[in-house]
Amino acid sequence: MKKRFIPLLTALCVMAFTGSAFAHFMVFYTPEMIMEKGKELDMRIAFTHPAEAGHMMDMGGIEEFYVLKAKGDKVVKTDLKDTLKEITWTNPHSSAPAFAAKVPKKVVRSMGDYVFVMKPGYYFEKEEGVYMQQITKLVVNVGEMPTLWNEPVGLPCEIVPLIKPYGLWTGNVFKAQVLSEGKPVAGAEVEVEYMSHMPNLDTNSMPAESSVEYPNGALVTQTIFSDANGYISFGIPKAGWWGFAALGVGPDKEYKGKELGQDAVIWVKAEDMK
Amino acid sequence: MKKLMIVLTLAAMLAFAGQAFAHSPLMSCFDNGDNTVTCEGGFSDGSSASGVKVHINDGNGKTIIETKMNEDSEYTFDKPAGSYMVIFDAGEGHTVEVNGADIVE
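Taken in order, these protein sequences are the chains called A and B.
Each residue of the first sequence is one higher than the last, beginning at 883 in the working numbering.
Each residue of the second sequence is one higher than the last, beginning at 18 in the working numbering.
Think of the hints as simulated: they come from the structure by calculation, not from any bench.
You may find that some hints are simply not true.
To be verified - Here are some, though not all, of the chain B residues that point toward chain A, as calculated from beta-carbon distances under 8 Å: (1) 57; (2) 59; (3) 88.
This structure is a prediction, so every number in the text was calculated from the model and none was measured.
We treat Cβ as the ideally placed atom computed from N, Cα and C, and that holds for glycine.
All chains, please: the whole structure from these sequences, using the hints.
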């Protein structure tokens, strides 16, 4: 009888282990990436595994939160740290501190691209004894006027799109360049995940039900590598939100005497052509 | 010399084609809440509207202000009494009209 439990326990252990191998993603979310007119933006920032509404992690606060907007030939930076409010984000299996932000309409009023930048604190991954920090970009557009979406914004590490991150059709190829301190990163490992559980802003949670059936773990997180010039390309198979995380490309390699993985994250959105 | 002419002609054609196809005009206006209104213009290819003509007509269609977008592709004016219309005029087929009644804070 007891022997029968062993395969079950082994299976559970394997599941638990593969679970932890899935990608960590800084979810930086607002319901719409394109708005006809400017309005107050309701945003959420949570550290989790978006393809599975997975384990929640404490991102260790937020170091920087701001938005960049072109005005004429200049780029104007607006600090948004005072719009942040600490909340608890609850996924089906765990919860962790996260953030909500209400970005006032007066900030998001003009036509053009708004490049939101969120630099979190440090997350300590106990199992591996390493710190993680995912510097995340989200580009929102007002009034269909493209301005900044394809410009590097001077982050320690970032993913710079070559196709509008908010204006993709399903089946388009998302192309981008991975930069570290402004220079292309050859051979960067980039993890890609689909937001299979759309965030619910009213309950600060992700629903248990997934919009995708994954035949196996290999398809939950897809991995692509940048070419010799730092370029990545990824065909988008389904409408919705896709996250790209370039792992360990940032210049900082150590935090509090421990190894640090500094990643660059960007979110893009695809629409079905009907 | 002939080669140069061909290159220049091609370059001119390309530049022209770019203008003719790529961009549609865009304008967005908002009430600043202090009795002034700001309108900003641009083109769908991301190009600036600096220097593009702007007209403001009164309720009878009479032009009351005739000006140009500034270096930031904007124009701010005192909110006219009564109904009005803002017209972004980047040439034939490239105009946008915004009704004053639709301009809110």
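So, going through the hints one by one against the coordinates:
Checking residue 57 (chain B) against chain A: minimum C-beta separation of about 6 Å stays under 8 Å; hint holds. Satisfaction of the interface hint for residue 59 (chain B) is found here, the shortest Cβ-Cβ separation to chain A being roughly 4 Å, below the 8 Å cut-off. Because the beta carbon of residue 88 (chain B) sits about 5 Å from the nearest beta carbon in chain A, less than 8 Å, this interface hint is met.
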